[in-house]
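Going line by line, the protein sequences match chains L and P. For what it's worth, this note's numbering labels the leading residue of the first sequence as 1, then goes sequentially. For what it's worth, this note's numbering labels the leading residue of the second sequence as 1, then goes sequentially.
Derived from the structure by calculation, the hints contain no laboratory data. Quick reminder that beta carbons are idealized off the backbone N, C-alpha and C, glycines included. It cannot be assumed that every hint is accurate.
[Claimed, not checked] Straight-line distance between alpha carbons at most 35 Å, and here's what the computed DSBU-like set of lysine-lysine pairs gives:
#: 1; chain 1: P; residue 1: 321; chain 2: P; residue 2: 126
#: 2; chain 1: L; residue 1: 198; chain 2: L; residue 2: 33
#: 3; chain 1: P; residue 1: 385; chain 2: L; residue 2: 55
#: 4; chain 1: L; residue 1: 146; chain 2: P; residue 2: 177
[Claimed, not checked] Which residues of chain L face chain P? A few of them, derived with a C-beta cut under 10 Å, are:
#: 5; residue: 111
#: 6; residue: 114
#: 7; residue: 116
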Amino acid sequence: MKKLQLKKYFTLLPLVFVTSCGFSLNYLVEGNKYNSPVFSENFYRHWDDELKNAKQGKDVTLVNTEEKQQYFTAFKDLIRLDPNVLMNNYSSADDYGEDYKMNSVNEMFNYGYQSKLFDGQVQCLGYYQLARVQTDSEGFSIRFDKEGNNLDYFAFQFKATTDNTVSCYKVDSDELAQGDREMFHNSVVNLHVSLYTKNDSNVIERNTFNMEVEFDSNRTNNGSYYVFLSFSLKEYELSRLVGLSFTFDYDDELINWNKTKGVDIDYSLMLYEVFLPYTTWQ
Amino acid sequence: MSLKERLAKLSKYAIVPAFLAMEVFAFIGFSFGGSFVLYGSLTLALVVLLIIFSIREINRDGLTNTLILLFPIVMFSLLICLGTYMRSHVYVGDYTLAEEIFVPIGLISVCLCGYLLGINKTFKLKTFLIVLYGSIAALVLVNLFANLINFGPFHTLLYKGYYMYYAGKRSSVPADKMAYTLEGFQIIESSITHYVLYPGLLLTSVFMLFKTSFKKEKKLFLIYALYTLIAVSALVLVPCLLGLLFVLLIGAIIGVIYLYNKVEVVRKPLRIAMYVVIILGVLLFLIMLINNQSVFSGISDVIANNSLLNRLFNTNGIVSKYNNMLTDVIGKNFLGYASMQVSSVVGVEAHMSGSFFFDTFMFSGVIGVVALSFYLIKGLFNFKKYFLNSDDEKRYKYLLLIFILTFYAFSFLFYDGEYGIYYSIYRPFYMSGPFLITLFIFAYIATKGVKPVQEESANEEITA
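Isolated chain L, as found in the complex (with noise of 0.2 Å):
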């Protein structure tokens, strides 16, 4: 063969080369990394590189008291940030979920582990680990493929739980607990919630919500298994979101004593579903 006609199917090997992006391989998840019995295996902690590194911007504490109501902690009180499930007559976060979860609105939301957040169950429904987004303190963040805009506010639907699986102590007892009815007790959470978006320059800020919301560990203090967190984010005049991220701290009375006794127990925030209504994504 001339040199020539080799050197031209030559040039077609880089060719082959540049397009193996492997833009998939980020939706990729090991085995059965996540989906062990095993509480503490769990636990889901990505962080993106530049939303770890981003630049901090506003770092907003939301209060809930009587006199200020910055953020809501229950389905019943989403109609006062949004009029349409008042109309729509919800009876459960399930029927809200299932007609605004996100992958609904974008292809983007279906792909990779945190799809889980997006596709409308608000609940295990016996699922477990399967259904969830399950972190430690640590916490983990989510990156957009796309830029989102006109943003209305946030929602989401947590639990935060101790490990049931761990023979522990009662509450200021030498007495073990018997399953996790055995264990109620005081836990206060504080969720710090980033929502990050590009400046002018591009440049990546964070934006961090905090709240602290008080429950019984398992239990809520309105009696279900779940919270059903919401704030408004009208007032924040933030665009171009590019990616979001969890973390908390936490003050549990049973890890607290448990830790007297020498016994650890690991604690967990369950995610269930997020959404950003009305947000607009380009």
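Position chain P relative to chain L; hints supplied.
Below, chain P without anything else, positioned relative to chain L:
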């Protein structure tokens, strides 16, 4: 102008439908989303055009041969059309008979195209094969780039045991059993078995590199070299065991053909070996059927009690799928699924077995299986007459034979009609591009295998 003169004038433009046929079959070779209504419509329109432009060439012998071959296809396709599989799986929800009727229309039209192009003097098999392989190469290239862009090269080796999450759910198969393929206008996650079929078929073009001289036919050599390169790239950059099996299969088929041609002393043993394999295959199938239906409990007991036979007929991963199919579909009624046509039983729980042969039980019942088997066996035997009587170049004859043997040998064990990982796709093999191409080839060779009509008698017809 008399009708005969008009037809004579039209036949001068016979090259037009021949050219259009190449476009249609290129479209089919590209397997554009398995859109059967489109294939059926195009091939029907093509048949009408071909009849108009080639009517003077139609002869009794060729037509009789084609009709004999067409009869089982008519039966097979009508049984599919009337069956409930199409209704319950392929067209779910509001369906109309118009959609199902395109199955017999499509299959019969493709066969008739084979006949009509066989008698069309302007049709060139050489050009047709270049276009056909070109369309398959285009599809393979698109699939390859889709995989490189999404997974990168060698993902089946690098990401063994990794799973993809989509819509909150973990994929049913790991990434090393998955590949991206073109489906209509979108790229979807499919099984690796589906991905491998097309580069495997494209790889049959390697035969032409042995039969084409680079010095004398440089252009032709380079075309087939490009097709081979694309096929090899697709198999190497997305490596899997099935791809290797394809390479071995094609190597074995080409090797046997080479030996049969060049080494006279092995011809008889090869022929005997072929008959032995066929008889053994039929015997194994009959035993499997008897065992599955518990026709003779003695035989079933012997098989169950012998560890080797039990593994062969009951417990290995491949045969257990066939057994499930036969159990679900045949049941107690030997006519099986075909007997459910009229009673409109909707919804069959059976999943495709991974073999086109066993899937046929579900689509068209035992009668359909017999009809399709007759068509395939008759079609293969027609190759003998095709080799003896046709004026096509020998290398192209072998290429057609290799293509057909490769497709059916692979599809007997590894045809995946439910290949969507996240999408529910039901693409039975009779709706696949390669199957339609083989139907065309069988009809074409049946036509070309007929002895040429004498020139004197043709002249007598014109002057009469």
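Consistency of the hints with the structure:
1. 321(P) x 126(P): 40 Å, violated
2. 198(L) x 33(L): 32 Å, holds
3. 385(P) x 55(L): The given pair, whose Cα atoms are some 79 Å apart, is violated under the 35 Å limit.
4. 146(L) x 177(P): 29 Å, holds
5. 111: Constraint on residue 111(L) satisfied, holds at 6 Å.
6. 114: 8 Å, holds
7. 116: Where the cut-off is 10 Å and the nearest Cβ of chain P is about 4 Å from residue 116(L), the hint holds.
Figure legend: structure checked against the earlier numbered hints; hints not met, in rising order: 1, 3.
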